[in-house]
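Participant: These are the residues of each chain, in order.
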Amino acid sequence: MNCAVQTTSPPSAVTENIYLPKVAVLDRVSDDIPEVKTFYWHFEDAAEQAQFKRFRPGQFAQVSLFGIGEFPASLPPSPTEDETFFTIREVGSCTTALHELKPGEKFAVRGPYGNGFSMEDYYGKNLVFVAGGIGLIPLRSCIVYALKHRDKYQRIQIFYGSKTPNELMYLSNLREWQQSAGVECYLTVDRAADSWSGNVGVVGSLFKKPGVHVPVDNTIAFVCGPPIMFRFVIKDLLAMGFREGDIVSTLERYMKCGVGKCGHCCIGVAYVCVDGPVFTYAQIKKLGEDI
Amino acid sequence: MKARMLERADVLKIVDLLRQQGYEVFAPFSGRGRDTWFDLVTDENRERIQVHLPNPYYAPKRFVLPHIERLLKIQRSDGEIRIEPTYRERKRAIFGIRSCDLAGIWHLDRFYLGRDFRDVYYEKRRQNLFLMNLVCTDPERDIGEECFCPCADTGPAARDHFDLQLLDLGDEFMAVAGTPAGEALFSQPMFKPGTQAQVEKRHAILGEVRKRFKTTTSWFPATVRYVSQGTILEKTWEEIGNRCLECGGCTYVCPACTCFTVSDRQVGPDEIERVRIWDSCALSGFTRMAGGFNPRRAVHDRRNRRFFRKLAHYFIQRELSMACVGCGRCAAVCHGDVGMPSVVEMIRRATAANDKLEPV
Chain A
0 MNCAVQTTSP
10 PSAVTENIYL
20 PKVAVLDRVS
30 DDIPEVKTFY
40 WHFEDAAEQA
50 QFKRFRPGQF
60 AQVSLFGIGE
70 FPASLPPSPT
80 EDETFFTIRE
90 VGSCTTALHE
100 LKPGEKFAVR
110 GPYGNGFSME
120 DYYGKNLVFV
130 AGGIGLIPLR
140 SCIVYALKHR
150 DKYQRIQIFY
160 GSKTPNELMY
170 LSNLREWQQS
180 AGVECYLTVD
190 RAADSWSGNV
200 GVVGSLFKKP
210 GVHVPVDNTI
220 AFVCGPPIMF
230 RFVIKDLLAM
240 GFREGDIVST
250 LERYMKCGVG
260 KCGHCCIGVA
270 YVCVDGPVFT
280 YAQIKKLGED
290 I
Chain B
0 MKARMLERAD
10 VLKIVDLLRQ
20 QGYEVFAPFS
30 GRGRDTWFDL
40 VTDENRERIQ
50 VHLPNPYYAP
60 KRFVLPHIER
70 LLKIQRSDGE
80 IRIEPTYRER
90 KRAIFGIRSC
100 DLAGIWHLDR
110 FYLGRDFRDV
120 YYEKRRQNLF
130 LMNLVCTDPE
140 RDIGEECFCP
150 CADTGPAARD
160 HFDLQLLDLG
170 DEFMAVAGTP
180 AGEALFSQPM
190 FKPGTQAQVE
200 KRHAILGEVR
210 KRFKTTTSWF
220 PATVRYVSQG
230 TILEKTWEEI
240 GNRCLECGGC
250 TYVCPACTCF
260 TVSDRQVGPD
270 EIERVRIWDS
280 CALSGFTRMA
290 GGFNPRRAVH
300 DRRNRRFFRK
310 LAHYFIQREL
320 SMACVGCGRC
330 AAVCHGDVGM
340 PSVVEMIRRA
350 TAANDKLEPV
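Chains A and B, in that order, give the protein sequences. Heads up: the first sequence begins at 0 in numbering that gives the first Met the number 0, then just goes up one per residue. Heads up: the second sequence begins at 0 in numbering that gives the first Met the number 0, then just goes up one per residue.
Fair warning: there could be bad hints in the mix.
Here are the computed lysine-lysine pairs in the DSS-like style, where the Cα-Cα straight-line distance is at most 27 Å [said to hold, decoys possible]:
#1 B:Lys12 / A:Lys21
#2 A:Lys105 / A:Lys52
#3 A:Lys124 / A:Lys105
#4 B:Lys72 / A:Lys101
#5 A:Lys105 / B:Lys72
#6 B:Lys234 / A:Lys284
#7 B:Lys234 / B:Lys12
#8 A:Lys162 / A:Lys124
#9 B:Lys200 / A:Lys21
#10 B:Lys123 / B:Lys90
#11 B:Lys234 / A:Lys285
#12 A:Lys234 / A:Lys285
Residues from chain B that keep clear of chain A, each with C-beta distances beyond 10 Å, as calculated [claimed, not checked]:
#13 Leu16
#14 Ile82
#15 Leu356
Please keep in mind that the hints were generated in silico from the structure rather than gathered at the bench. Think of the CB as a built atom: it goes at the ideal place given N, C-alpha and C, for glycine as much as any other residue.
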């Protein structure tokens with residue numbers, strides 16, 4: 000057995016400590032939508048920053064707050080962008096502590112972890128992004144990445160919906176995508192105020208709008224959003240003729256380690272942290288647990 | 000592997016030898032009734048070490064994966080944060096570890112060291128650990144009501160993964176070395192070469208001991224197949240779930256359970272420590288996320304999860320051994336009688352009953 004431990008064996012080459020986070024500095028904070036903020040940060044150590052920047056879209060990191068604990072967070076930036084940031088909803092003790100942090104203050108990060116989206120495998124395909132609410136956070140990375148490598152992909156479509164117009168994430172990005180020639184970006188909200196001139200309805204309603212044509216052949220659909228939205232969008236996509244293996248999503252689970260040891264995120268035969276968080280719908284169906 | 004012989008009176012000299020070599024030696028002791036435990040050997044308690052006794056419920060897994068272990072020391076001063084890992088690198092030996100628990104540690108080795116990410120805390124404890132296995136041969140004292148290692152194929156005599164193994168032949172003990180560290184002890188004059196007759200006696204004793212196990216119907220292969228294929232009815236999981244009191248006892252005594260939670264605790268005004276603590280999939284908070292969403296709400300979902308993780312073919316192949324070693328502790332501590340042997344039997348019977356044919 001190659002990994003058998005022998006009492007007499009010489010100490011192996013120094014094993015990296017997988018639980019050791021590195022100190023990071025908060026640069027600035029921007030308000031996105033109610034309860035959600037974006038935190039721009041960098042590692043204290045430049046070498047650490049350079050190494051971290053090799054992450055892939057869809058991967059995540061473990062964020063440590065002094066005295067509170069650690070939580071997993073998606074990486075919304077694309078590796079092609081300069082800045083590193085998290086977009087976090089205030090929902091538990093750790094995220095609340097992060098929301099209270101002031102620019103210049105320190106916390107700690109380790110990662111990146113997980114499989115991420117295999118964006119290179121999708122070269123030559125159409126990309127359809129379907130997001131609901133803060134489900135846009137992990138997909139933002141892929142969208143920015145795909146637009147940076149625009150010539151590698153065929154059509155790129157974005158369907159994004161939120162409850163109300165002021166709960167639309169990444170407004171400046173959305174405007175940019177709406178104006179960009181290389182991408183079709185459709186927005187919708189569940190409930191609108193008078194000032195909203197766009198579509199009203201669930202995300203799925205965008206697929207049937209006049210003038211919208213979703214390519215099905217040679218297409219990868221990225222779906223991310225709240226459980227109820229996820230279920231309906233999957234139904235719509237399957238009805239349109241998408242294959243289960245061509246629909247990809249990213250799962251979230253309670254995690255303590257991020258490296259396949261603590262056991263909390265294990266569903267079916269998969270540890271979400273190392274075998275995921277990105278799975279095809281065909282895989283998700285087999286795992287057999289609620290999204 | 001070569002067999003050596005050791006006088007009955009010399010057995011504890013192994014403990015002395017290991018202590019002289021700088022090991023902290025842990026050995027089994029017994030109190031009243033079923034109360035047994037592993038404790039640090041000192042000059043004072045050395046004479047009370049027990050060779051044959053019921054296997055302690057608190058498994059020696061804790062010497063590689065303590066139930067609470069500090070991972071990091073984190074200090075804050077003037078806005079700076081200093082994070083420092085803390086390791087324990089003391090040489091330790093376990094005298095009298097049973098074959099089932101040995102299989103448990105081997106299973107943990109695959110899990111903590113054999114995957115993409117190696118766990119450095121586990122590795123440091125494991126590298127410094129000397130394992131002296133004692134084969135359960137006394138049907139009265141060694142073999143409990145719930146023991147079922149022959150079903151899990153881990154005992155009564157471990158075939159591998161020990162540094163040194165002792166088997167009681169009656170008047171004397173047969174010693175076998177599993178690693179160079181164990182073999183090194185054979186240079187001591189108290190170890191004499193074994194004879195063919197003694198090796199045969201060992202075979203005879205083991206053959207006899209196998210017949211003395213009370214729980215022998217935990218037939219895993221069928222259950223592993225049903226679990227892996229997902230052919231077990233939801234109704235069966237519900238029956239198992241209904242009997243689970245959600246105490247988590249099975250996971251805390253299990254020598255092959257690996258799950259832990261991580262917690263930060265304040266130890267000074269500007270100092271905290273990050274510790275990992277055994278966790279249990281039987282508890283409802285195990286999968287509850289911030290915000291309250293819990294993908295695994297029902298108790299039978301959680302039981303399903305535990306047995307799937309232990310018995311699914313995928314994981315057996317991944318870790319090269321089943322996450323059940325047949326020690327019987329879960330069966331002994333479970334108030335609802337849904338320890339491993341019962342569950343294996345319930346699943347097998349329910350699935351068999353399911354395919355009754357109707358006469359036309």
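Participant: Against this structure, judge whether each hint is valid.
Facilitator: Here's how the hints hold up against the structure:
1. Our distance criterion of 27 Å between C-alpha atoms is broken by Lys12 (chain B) and Lys21 (chain A), whose separation comes to about 48 Å.
2. Taking the CA atoms of Lys105 (chain A) and Lys52 (chain A), the gap is near 19 Å; set against the 27 Å cutoff, the hint holds.
3. The hinted pair formed by Lys124 (chain A) and Lys105 (chain A) fails the criterion: a straight-line CA distance of about 42 Å is larger than 27 Å.
4. For the given pair, Lys72 (chain B) sits about 23 Å from Lys101 (chain A) by alpha-carbon distance, which is consistent with the 27 Å threshold.
5. Using a Cα cut-off of 27 Å, the hinted pair Lys105 (chain A) and Lys72 (chain B) holds, with the two alpha carbons roughly 16 Å apart.
6. The straight-line distance between the Cα atoms of Lys234 (chain B) and Lys284 (chain A) is roughly 21 Å, inside the 27 Å bound, and the hint therefore holds.
7. About 55 Å separates the Cα atoms of Lys234 (chain B) and Lys12 (chain B), which puts this hinted pair outside 27 Å; it is violated.
8. Proximity of Lys162 (chain A) to Lys124 (chain A) is assessed by CA-CA distance (about 30 Å); at most 27 Å being required, the pair is judged violated.
9. Restraint check for Lys200 (chain B) and Lys21 (chain A): the C-alpha separation of about 59 Å exceeds 27 Å, so the hint is violated.
10. Distance restraint check for Lys123 (chain B) and Lys90 (chain B): the Cα-Cα separation of roughly 10 Å lies within the 27 Å cut-off, and the hinted pair is therefore satisfied.
11. Proposed proximity of Lys234 (chain B) and Lys285 (chain A) is supported: the alpha carbons are some 20 Å apart, at most 27 Å.
12. Restraint check for Lys234 (chain A) and Lys285 (chain A): the C-alpha separation of about 16 Å stays at or below 27 Å, so the hint holds.
13. Separation of Leu16 (chain B) from chain A is adequate, the least Cβ-Cβ distance of about 14 Å exceeding the 10 Å criterion.
14. Remark: the non-interface label on Ile82 (chain B) conflicts with the geometry, its nearest Cβ contact in chain A lying 6 Å away (cut-off 10 Å).
15. With a least CB separation of 29 Å from chain A, Leu356 (chain B) remains clear of the 10 Å interface cut-off, as annotated.
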